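Asker: Please construct the entire structure, taking both the sequences and the accompanying hints into account.
Sequence lines, in order, name chains A and B.
Count along the first sequence starting at 1, add 1, and that's the number in the working numbering.
Count along the second sequence starting at 1, add 1, and that's the number in the working numbering.
None of these hints come from the bench; they were simulated from the model.
No experiment lies behind these values; they were computed from the predicted model shown.
The beta carbon of each residue, even a glycine, is placed where N, CA and C say it ideally should be.
Among the hints, erroneous ones may be present.
[As the list claims (entries may be wrong)] Pairwise CB distance ranges (calculated): (1) A/358 <-> B/191: 54 to 60 Å; (2) A/32 <-> B/340: 34 to 40 Å; (3) B/409 <-> A/358: 38 to 44 Å; (4) B/194 <-> A/250: 36 to 42 Å; (5) A/355 <-> B/395: 51 to 57 Å; (6) A/116 <-> B/426: 20 to 26 Å; (7) B/19 <-> A/164: 36 to 42 Å; (8) A/221 <-> B/208: 37 to 43 Å; (9) B/417 <-> A/415: 52 to 58 Å; (10) A/32 <-> B/116: 31 to 37 Å; (11) B/409 <-> A/208: 55 to 61 Å; (12) A/43 <-> B/355: 55 to 61 Å; (13) B/64 <-> A/355: 22 to 28 Å.
2 protein chains.
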Amino acid sequence: MSQESVDYRPMWEQLGLDLEAHDALLSALAQMYEDAYLSQVNRPEGMAYFDFVMSEIHGLRIKELQDHKANGGSVIGTFCIYVPEEIIRALGGISVGLCAGAEWAYDEVEKYLPSNTCALIKSFMGFKLGKVCPYVESADLVIGETTCDGKKKAYELFGEWAPMHVMELPQTKSEEARALWRSEIDRLIAKLEDVSGRSLTAGDLKVAIAEVNAKRRALQRLNAARKADPVPISGKDGLLATQVALYDDVPRFTATVEKIGEELEARIDAGEGAAPEGAKRVLLTGSPMSIPNWKVHDIVEKAGGVVVAEEMCIGSRYFDTLVPEEAEDVEGMLDAIASKYMDINCACFTPNTGRVEDILRLANDFQVDGVIHYALQFCSPYQIEATGVKRAAQDAGLPFLSIGTDYSAGDVGQLQTRIEAFLEMLQ
Amino acid sequence: MSQESVDYRPMWEQLGLDLEAHDALLSALAQMYEDAYLSQVNRPEGMAYFDFVMSEIHGLRIKELQDHKANGGSVIGTFCIYVPEEIIRALGGISVGLCAGAEWAYDEVEKYLPSNTCALIKSFMGFKLGKVCPYVESADLVIGETTCDGKKKAYELFGEWAPMHVMELPQTKSEEARALWRSEIDRLIAKLEDVSGRSLTAGDLKVAIAEVNAKRRALQRLNAARKADPVPISGKDGLLATQVALYDDVPRFTATVEKIGEELEARIDAGEGAAPEGAKRVLLTGSPMSIPNWKVHDIVEKAGGVVVAEEMCIGSRYFDTLVPEEAEDVEGMLDAIASKYMDINCACFTPNTGRVEDILRLANDFQVDGVIHYALQFCSPYQIEATGVKRAAQDAGLPFLSIGTDYSAGDVGQLQTRIEAFLEMLQ
Numbered sequence: 002m003s004q005e006s007v008d009y010r011p012m013w014e015q016l017g018l019d020l021e022a023h024d025a026l027l028s029a030l031a032q033m034y035e036d037a038y039l040s041q042v043n044r045p046e047g048m049a050y051f052d053f054v055m056s057e058i059h060g061l062r063i064k065e066l067q068d069h070k071a072n073g074g075s076v077i078g079t080f081c082i083y084v085p086e087e088i089i090r091a092l093g094g095i096s097v098g099l100c101a102g103a104e105w106a107y108d109e110v111e112k113y114l115p116s117n118t119c120a121l122i123k124s125f126m127g128f129k130l131g132k133v134c135p136y137v138e139s140a141d142l143v144i145g146e147t148t149c150d151g152k153k154k155a156y157e158l159f160g161e162w163a164p165m166h167v168m169e170l171p172q173t174k175s176e177e178a179r180a181l182w183r184s185e186i187d188r189l190i191a192k193l194e195d196v197s198g199r200s201l202t203a204g205d206l207k208v209a210i211a212e213v214n215a216k217r218r219a220l221q222r223l224n225a226a227r228k229a230d231p232v233p234i235s236g237k238d239g240l241l242a243t244q245v246a247l248y249d250d251v252p253r254f255t256a257t258v259e260k261i262g263e264e265l266e267a268r269i270d271a272g273e274g275a276a277p278e279g280a281k282r283v284l285l286t287g288s289p290m291s292i293p294n295w296k297v298h299d300i301v302e303k304a305g306g307v308v309v310a311e312e313m314c315i316g317s318r319y320f321d322t323l324v325p326e327e328a329e330d331v332e333g334m335l336d337a338i339a340s341k342y343m344d345i346n347c348a349c350f351t352p353n354t355g356r357v358e359d360i361l362r363l364a365n366d367f368q369v370d371g372v373i374h375y376a377l378q379f380c381s382p383y384q385i386e387a388t389g390v391k392r393a394a395q396d397a398g399l400p401f402l403s404i405g406t407d408y409s410a411g412d413v414g415q416l417q418t419r420i421e422a423f424l425e426m427l428q
Numbered sequence: 002m003s004q005e006s007v008d009y010r011p012m013w014e015q016l017g018l019d020l021e022a023h024d025a026l027l028s029a030l031a032q033m034y035e036d037a038y039l040s041q042v043n044r045p046e047g048m049a050y051f052d053f054v055m056s057e058i059h060g061l062r063i064k065e066l067q068d069h070k071a072n073g074g075s076v077i078g079t080f081c082i083y084v085p086e087e088i089i090r091a092l093g094g095i096s097v098g099l100c101a102g103a104e105w106a107y108d109e110v111e112k113y114l115p116s117n118t119c120a121l122i123k124s125f126m127g128f129k130l131g132k133v134c135p136y137v138e139s140a141d142l143v144i145g146e147t148t149c150d151g152k153k154k155a156y157e158l159f160g161e162w163a164p165m166h167v168m169e170l171p172q173t174k175s176e177e178a179r180a181l182w183r184s185e186i187d188r189l190i191a192k193l194e195d196v197s198g199r200s201l202t203a204g205d206l207k208v209a210i211a212e213v214n215a216k217r218r219a220l221q222r223l224n225a226a227r228k229a230d231p232v233p234i235s236g237k238d239g240l241l242a243t244q245v246a247l248y249d250d251v252p253r254f255t256a257t258v259e260k261i262g263e264e265l266e267a268r269i270d271a272g273e274g275a276a277p278e279g280a281k282r283v284l285l286t287g288s289p290m291s292i293p294n295w296k297v298h299d300i301v302e303k304a305g306g307v308v309v310a311e312e313m314c315i316g317s318r319y320f321d322t323l324v325p326e327e328a329e330d331v332e333g334m335l336d337a338i339a340s341k342y343m344d345i346n347c348a349c350f351t352p353n354t355g356r357v358e359d360i361l362r363l364a365n366d367f368q369v370d371g372v373i374h375y376a377l378q379f380c381s382p383y384q385i386e387a388t389g390v391k392r393a394a395q396d397a398g399l400p401f402l403s404i405g406t407d408y409s410a411g412d413v414g415q416l417q418t419r420i421e422a423f424l425e426m427l428q
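Answerer: Okay, structure coming up:
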């Protein structure tokens, strides 16, 4: 998928990638993107940016990271939206979500992890062990978090292969749990100051908060357009925008997505859809979907439905709330950051009733016809929460389907059958 | 297994048990106990107490709980050794570990939990849904904790069927995490004061600390005897003592176990063993083993080996450390309790290097020939820690076997083969 005009191989080699395996990965990724994305009709013109970004996902963007490092900046890898990117950015870092969306080197991974580990965790370990992720190889630091048992314990092993810092995210939202989280923010700053050789200033933090808020606002605008019928952008394209938000250049991404938002609003006015008017509208909720995990969206949309919202970490949980911008001093800004992140409704918290409220609100706002709960196999937090979400959806009169899957293609046929039957059933 | 002379059925009926299912459970339990325990030779005489206790596990002990409640006391159910029983006791409560060691009503359970949930969690939910656990039906309160994803989320469902209070156990041992835990102790006290109608006093707490410490000291004495060769007590009997410690009357248990300790010391002097001198000595480490989960011990010992120590929650993690008794005021005692419990080395913490140190220390103290790592299937924390434990054991020259299993009998043949091969390999 790399541009023929630039040879990135010396850069990949310098990063220690396994070039042959990496070629195979890029080729598979290009094929997946073509099948899922380039086959779509009536796409917004602005999505051409994402086609380019995806074609350069291991090329130009990695080159930018190297240039940033050469200019004294740092690259910080993350696996979770609880890691405050404002702080990374204020300390001269580029925050990049690490590769975790495809099966890779599972044979190596299963020397360390039980086979019954969720696909996301096996994937990030496989990309590292298989030496095919230029992001993790570019990272000056990888920041983990205690959001689930599997990640928490896998990070202990991962830390032997990459420079690792783990944040303790509490499991309740009590005052004392918030105090612990607030102290973890301070501990993160100390670590990042050490890695970057810089000191956090109020000015830099204020700019970073504004820039990341602007990115989230752009995503809010794009996603608000998905309320329309006909929907002006496919679910797949909506998902891709949030996926790319986690590693792309912030101001460039923001400007581009604002333009796409503008285009979508014009399409709404013109009644132009990426799917026909009346297409069955689905809310997807559950485990995160990292690039290139487009499986469920692809099945829904090829079956004639359309995904109009993702109540997911790679979805509304990422962009729905902003860091309040009132504070002028570092402490005040950090308090605001700590609160904003703690208020995300992840299944790692108990209880997590806010998530059900979010689902019902989104279902109403986006006028969905049905809810599909998506859990990665062995992702106990979301698998078990599905029971309560199902009940809440049914109580609200929302048709509900729960699926458990992984990154393999083995169950695509079965999922197609179940999702097609579900869509047919919708009024 | 109940004594023919007393008819407990009216009591069980009053507790809302499903009498027919409960009869089937007791009958299965009696058979399991006979096969695993009563078939043993050269047992210490003192184990007769445990034979009696087991025969009355749903009889006399439940009657005692009812009498205690009738006298104004409370019964508090727990699922984890992090819940401070000293506090329960100081507030007039009897702390009982709830049923979680056998497959029961899985068909009902799987309406709420994914099939890939660990056996312990499915079991406690199955005992509740199947109405066969008189302990949970006697409980005025059930205390959960956030030690793993599965329990954390299952408690949200369990709380709909039983009065539930969940303690947040942090995931690191930082100062701030300890502060959170300390605050959770205060929150527990408020809850227990509410349930019991009593107030915590320094005098009651001091007595409770002393009594529970005495219980742990008695278990330390019994277990120290397992260092001898020939070992004067089987691993199965050692395990049973710790299992029963979690629900038996404290002073009675302590006195009995002290006597068994005395008997074991006499047996050591006389060179009397429960297994022959030179029997291969195994350290078991990993997930908890609740009654009647005697599967691995039974296989090891029927294959001619002997389990000499359990680095487990139902094992050394329960009794190896005491609450310091110096403090005279409530705050000081609660600080001591908070620290003692936080210092337990469970896989829920990251990092959890203390566990590996404990394993190596026990392996040395008990002169073990090999280490068997035991993880319940889908128990990610222990499954993943097995990788590091294996490495540490091998670095220390200790033969190592890792097994993953559940409560079913389906894999017994396969485990026998693997464990026999492991024992044969030991020098």
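Asker: Evaluate each hint against the coordinates.
Answerer: Each hint tested on the structure:
1. A/358 <-> B/191: 54 to 60 Å: violated (27 Å)
2. A/32 <-> B/340: 34 to 40 Å: Violated - the Cβ-Cβ distance for residue 32 of chain A and residue 340 of chain B, about 57 Å, lies outside 34 to 40 Å.
3. B/409 <-> A/358: 38 to 44 Å: This hint holds: roughly 39 Å between Cβ atoms.
4. B/194 <-> A/250: 36 to 42 Å: The hinted range 36 to 42 Å is violated for residue 194 of chain B and residue 250 of chain A, with Cβ atoms some 56 Å apart.
5. A/355 <-> B/395: 51 to 57 Å: violated (46 Å)
6. A/116 <-> B/426: 20 to 26 Å: holds (25 Å)
7. B/19 <-> A/164: 36 to 42 Å: violated (56 Å)
8. A/221 <-> B/208: 37 to 43 Å: The hinted range 37 to 43 Å is violated for residue 221 of chain A and residue 208 of chain B, with Cβ atoms some 59 Å apart.
9. B/417 <-> A/415: 52 to 58 Å: The hint (52 to 58 Å, Cβ to Cβ) is violated, given that residue 417 of chain B and residue 415 of chain A are roughly 36 Å apart.
10. A/32 <-> B/116: 31 to 37 Å: holds (34 Å)
11. B/409 <-> A/208: 55 to 61 Å: holds (59 Å)
12. A/43 <-> B/355: 55 to 61 Å: holds (59 Å)
13. B/64 <-> A/355: 22 to 28 Å: violated (44 Å)
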